[in-house]
Amino acid sequence: MTAGTAARGTMPLADHLNEARRRGLRAAVALLVGVIAGFVFADQILDVLRAPIEELARSRQASLNYDTVTGAFDVELKIALFSGIIVSSPVWLRELFAYITPGLTRREKTYAIGFSAAAAPLFAAGCTFGFLLFPRMVSVLTGFSSDQDSTLLNASYYVDFVMKIVLATGVAFVLPAVLVMLNCLGIVSAHALRRSWRLIVVAITLFSALVTPAADVLSMFLVAVPMSALFGAALLITGLHDRRAARRTLDSDHPELPSTS
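According to the working numbering, the sequence shown is numbered sequentially starting from 36.
If you're looking for bench data, these hints aren't it; they were derived computationally from the structure.
Treat the hints with care, since some could be wrong.
[To be verified] Restraint ranges, calculated between C-beta atoms of paired labels, are given here:
no.	residue 1	residue 2	range
1	L52	L241	37 to 45 Å
2	R171	R282	43 to 51 Å
3	H226	P170	17 to 25 Å
4	L271	D82	34 to 42 Å
5	R171	V206	17 to 25 Å
6	V104	H226	57 to 65 Å
7	R282	V237	30 to 38 Å
Everything numeric in this text was worked out from a predicted model, so none of it was measured.
Beta carbons are placed, not taken as given, at the ideal position from N, Cα and C, and that holds for glycine.
Modelling step: build the complete structure from the supplied sequences, incorporating the hints.
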């Protein structure tokens with residue numbers, strides 16, 4: 036049992052709950068601030084989301100529509116919630132890993148901190164990528180209808196569609212960092228990842244096909260290529276880590292041999 040684990044193991048249950056409550060409260064406050072900011076700027080965000088529809092309206096009748104009295108307010112709440120999750124992600128990711136790390140060894144704690152530092156920008160980059168991608172997806176999907184038809188979209192469904200794409204790409208960009216962390220913790224080896232690379236690439240392709248229109252092959256590749264590149268970077272990092280770990284093990288088993296580092 037490590038010192039960190041021992042310290043956490045002797046901590047009374049009430050202290051565990053108090054720590055979880057404190058960190059959960061900080062994460063909730065950050066989320067609330069993000070939601071409020073998202074609500075304040077909901078109109079501007081909706082203008083960005085509406086841009087592909089306005090482009091479509093140049094060739095035929097197209098607009099967002101609300102089918103209930105509270106529809107417009109519900110859409111703003113959804114935008115605020117999604118925005119709050121994205122904006123507050125650095126805080127709630129930090130609080131999550133800060134709660135976990137006291138039970139880890141010093142080296143494991145370093146890996147967890149490094150992962151949390153990488154996860155936030157990767158998540159933000161993925162969400163940004165989703166925002167840049169969705170207009171093309173909307174254009175392709177609505178392009179199946181004739182110019183003589185009207186495109187009247189339910190605003191709530193449309194916002195859900197866009198935000199799910201944004202969050203899905205955000206989470207997808209974080210997954211390679213998860214693989215690196217699992218490797219650093221000794222759960223997944225670089226050899227196992229290399230042996231399974233074909234299956235992982237197929238999974239990336241299937242994910243890309245699910246979040247993009249079936250007829251839009253270019254958008255699918257726009258999602259699959261950066262995800263595959265991130266997976267390649269994860270393979271490189273895990274390979275370097277495993278070689279260093281094997282070198283340290285060799286040096287400790289044969290201290291009389293000169294170090295190869």
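Consistency of the hints with the structure:
A hinted range of 37 to 45 Å for the beta carbons of L52 and L241 is consistent with their spacing of about 41 Å. The beta-carbon spacing between R171 and R282, approximately 47 Å, falls within the hinted interval of 43 to 51 Å. Between H226 and P170 the beta carbons are some 41 Å apart, a value that contradicts the proposed interval 17 to 25 Å. In this structure, L271 and D82 meet the distance hint of 34 to 42 Å, their C-beta atoms being roughly 41 Å apart.
Taking the beta carbon of each, R171 and V206 are about 20 Å apart, inside 17 to 25 Å as hinted. For V104 and H226, the Cβ-Cβ distance of about 60 Å falls inside the hinted range of 57 to 65 Å, so the restraint holds. Hint check: R282 to V237, Cβ distance near 33 Å, so the stated range 30 to 38 Å holds.
Of the numbered hints given earlier, the model fails hint 3 alone.
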